[in-house]
Amino acid sequence: SQKIEQNSEALNIQEGKTATLTCNYTNYSPAYLQWYRQDPGRGPVFLLLIRENEKEKRKERLKVTFDTTLKQSLFHITASQPADSATYLCALDMMYSGGGADGLTFGKGTHLIIQP
Amino acid sequence: DGGITQSPKYLFRKEGQNVTLSCEQNLNHDAMYWYRQDPGQGLRLIYYSQIVNDFQKGDIAEGYSVSREKKESFPLTVTSAQKNPTAFYLCASRIPLGGPQHFGDGTRLSIL
Chain H
1 SQKIEQNSEA LNIQEGKTAT LTCNYTNYSP AYLQWYRQDP GRGPVFLLLI
51 RENEKEKRKE RLKVTFDTTL KQSLFHITAS QPADSATYLC ALDMMYSGGG
101 ADGLTFGKGT HLIIQP
Chain U
1 DGGITQSPKY LFRKEGQNVT LSCEQNLNHD AMYWYRQDPG QGLRLIYYSQ
51 IVNDFQKGDI AEGYSVSREK KESFPLTVTS AQKNPTAFYL CASRIPLGGP
101 QHFGDGTRLS IL
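Chains as they are written, first to last, in my numbering: chain H, 1 to 116; chain U, 1 to 112.
Chain H extracted, bound-state conformation (with noise of 0.2 Å):
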């Protein structure tokens, strides 16, 4: 059967840390993976992108590597903030076109907690 995982218990980095997160999925073959940071009450923000050819992707203190061998994303913030700290989500892009299914599919995320 098809699986999203990520840390399932929270994540406790002191600050200034980097914290590291863990995507891993089977029986998929995404064109895409992204990244979505959600606070509570709060609809998830699109954070990054990184596509099935791409190994790693960078945006200011975030880094995201995607490895379809072993089916693996992982996901950096360096120099790490309290205001980091929020559930993290990762999500599959199937990308199918010609009336196939739309939309993303999630992973349950990761809830990081930075610590001054």
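Hints should not be assumed to be uniformly reliable.
Said to hold, decoys possible - Within a straight-line C-alpha distance of at most 27 Å, the following computed BS3-like cross-link-like pairs (lysine-lysine) qualify:
#, chain 1, residue 1, chain 2, residue 2
1, H, Lys-108, H, Lys-3
2, H, Lys-57, H, Lys-71
3, U, Lys-57, H, Lys-108
4, H, Lys-108, U, Lys-83
Think of the hints as simulated: they come from the structure by calculation, not from any bench.
Knowing the structure of chain H, use the given hints to seat chain U on it.
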């Protein structure tokens, strides 16, 4: 500012009642989506629409209905057939087939 507006923020449903959640976007996106989020769960796709006057069922469409009469609007009706409607409902939009999704701030539906 461009974005997605969901209303109301909180909604209560009585037994046997249908309720409608509003979703409006001014991003000029063709594709719109409805997701349901339960505590500790990922987002699950209810319905999506890639173009006006057309929509498709997602993974958990039973007990829900939608319409797409205008590009800007994609309302979701939670019918009385949905026996467990208590959840956080999120609307999103994007250009079709790829690219990031833009989300509204959700509607929290509870049972009276």
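Quick rundown of the hints versus the structure:
1. H:Lys-108 to H:Lys-3: holds, 11 Å
2. H:Lys-57 to H:Lys-71: Holds: Lys-57 of chain H and Lys-71 of chain H sit about 16 Å apart, inside 27 Å.
3. U:Lys-57 to H:Lys-108: Holds: Lys-57 of chain U and Lys-108 of chain H sit about 21 Å apart, inside 27 Å.
4. H:Lys-108 to U:Lys-83: holds, 23 Å
The structure agrees with every numbered hint stated previously.
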